[in-house]
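Residue numbering for the sequence shown follows my numbering, beginning at 112 and increasing consecutively.
By construction, these hints were calculated from the structure, which means they are not laboratory data. One or more hints might be untrue.
Ranges of calculated distance between the beta carbons of each label pair, as one might list FRET restraints [as the list claims (entries may be wrong)]:
(1) Ser-214 - Ile-366: 38 to 48 Å
(2) Ile-408 - Lys-491: 47 to 57 Å
(3) Thr-330 - Gln-266: 23 to 33 Å
(4) Glu-545 - Thr-406: 35 to 45 Å
(5) Ile-372 - Asn-334: 17 to 27 Å
(6) Asn-333 - Asp-355: 27 to 37 Å
(7) Ser-548 - Asn-483: 20 to 30 Å
Where a beta carbon is used, it is the ideal one built from N, C-alpha and C, also for glycine.
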Amino acid sequence: MNFFRRNIDKEKNNTILDRLNNSIVNAINERRFLKETNDINSDLINTLNILLNKYYDNASVLKVNNINKNIIQVDSIDTMLRTAYNQSEIIQCMVSNSEELASTSDTLSDTIQKISEHSNNSKDKAQELVSSIHNNSKFIINSFSNVNIIYEDIQSLVNKVSEIKNIVDIIQKIADQTSLLSLNASIEAARAGEAGKGFNIVAHEIKKLAEYTKSSLTTIHNNIHDLAEKTQLTLKCTNDVICDLKLAKDKVENIPNDIDIIVNNIKEIDCELEQITATSQEQTATTNILAEELTKISKSEMELEKMCKDVGSKIYDISNYIDNIRKDLINNSNLTLKEMIEIYETDHLLWIWKVYNMILGLDTVDKNIAKNYKECRLGKWYYTEKNIDITKNEYYKSIEPIHIELHTEAQKAVECYNSGDISKCYVHLNNMKEKSSIIIDILENLKNSID
């Protein structure tokens with residue numbers, strides 16, 4: 112009978128335990144506490160609720176810790192900001208270039224317009240020149256005809272001079288004969304004696320006349336000779352002028368045709384310039400529209416850049432807010448060492464996050480605090496841990512050197528930022544990420560090695 116009763120009690124207890132187990136699972140899933148029942152001791156319910164409360168507190172701490180860990184691992188804000196900044200710079204450059212292009216197009220259009228005007232003026236001047244050359248050509252042709260007449264007259268004069276020269280030669284011969292005749296008369300008068308005295312006087316006068324005539328003929332001959340030479344020279348010069356005028360006439364006759372070709376070329380250039388002017392004006396209008404649109408895009412890009420900065424700032428504010436909640440929860444919770452190790456991991460991700468936001472201009476970091484590896488939460492635990500099983504752990508021992516290197520990189524990053532060397536600052540930030548990754552691996556291994 113007692114055996115049977117014990118079996119019944121055992122089955123009853125198992126049923127109660129199953130119900131209690133299900134109630135605990137449901138309570139955890141629904142994040143609530145157990146309710147008192149008639150078949151379960153109230154003290155047991157209270158004890159279980161205290162444990163559940165502790166579990167909920169620790170779970171909340173770890174959940175908040177994980178939330179903060181996920182937020183601070185968002186390192187795309189810098190890429191987003193730099194991309195927005197680079198896009199803004201590119202668009203600003205495009206705006207500047209488009210405005211310069213628009214200005215150049217306006218200048219080019221004005222220049223083409225002026226060239227077109229000059230071309231029209233040149234065409235008009237060329238047409239006037241054609242008319243003037245036609246007139247000059249007529250004048251040269253007339254001059255050519257007149258000079259030909261002059262040449263013929265001079266040629267006739269040369270012939271006349273030649274004839275005069277022949278006449279002078281005849282007169283010269285007559286003078287010579289007269290002189291000879293006077294000589295004979297003188298001889299005969301001398302023979303006649305007194306009777307030939309009168310005849311001698313006549314012979315003497317004839318001789319004087321012959322000598323005078325001879326002298327005059329010499330002068331006339333010389334003058335005619337000079338006249339003949341000068342007439343020949345004039346004839347030669349006139350002939351040269353005729354040749355030059357003929358060449359000039361031939362060239363002048365060709366000039367109108369050449370100028371007509373030039374005028375036609377200028378007309379073709381005018382047509383091309385008109386097309387270029389129209390195209391240039393269309394291009395100028397299009398360029399101005401492009402410049403206006405790029406200016407609008409530039410304004411939108413600047414607003415986007417500002418929004419990106421605002422987003423980065425808001426995310427940082429949220430991370431700080433969650434971190435403050437995390438700190439309060441940690442201070443008011445009794446966490447296990449494994450749970451605290453997760454907190455230490457997040458703490459050192461926070462160091463990267465703080466330096467990262469310092470570069471973005473969202474936070475300030477004291478280099479003295481950054482280099483102090485003993486005052487962070489991990490450092491305080493590391494240098495105050497008394498548990499021999501922990502301090503002898505190889506993973507525990509390997510924490511110190513890499514932990515010091517992490518804080519040294521943080522200090523250097525702050526120093527580079529303060530000196531304005533942002534590129535070097537990013538180098539140290541990347542080094543911090545490498546060191547932090549090693550520390551987290553060590554802490555994970557340490558956590559898994561703890562019983």
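The hints, checked one at a time:
Checking the proposed 38 to 48 Å range against Ser-214 and Ile-366 shows it holds: the Cβ atoms sit about 44 Å from each other. At roughly 53 Å, the beta-carbon separation of Ile-408 and Lys-491 lies within the given 47 to 57 Å, and the hint holds. Range check, Thr-330 to Gln-266: Cβ separation about 26 Å, and the 23 to 33 Å hint holds. The hint said 35 to 45 Å for the Cβ distance between Glu-545 and Thr-406, and at roughly 44 Å that hint holds.
The given range of 17 to 27 Å is broken by Ile-372 and Asn-334, whose C-beta atoms sit roughly 56 Å from each other. Distance hint check for Asn-333 and Asp-355: the Cβ-Cβ separation is about 33 Å, which falls inside the suggested range of 27 to 37 Å. Checking the proposed 20 to 30 Å range against Ser-548 and Asn-483 shows it holds: the Cβ atoms sit about 22 Å from each other.
The structure fails to meet hint 5 from the earlier list, while all remaining hints are met.
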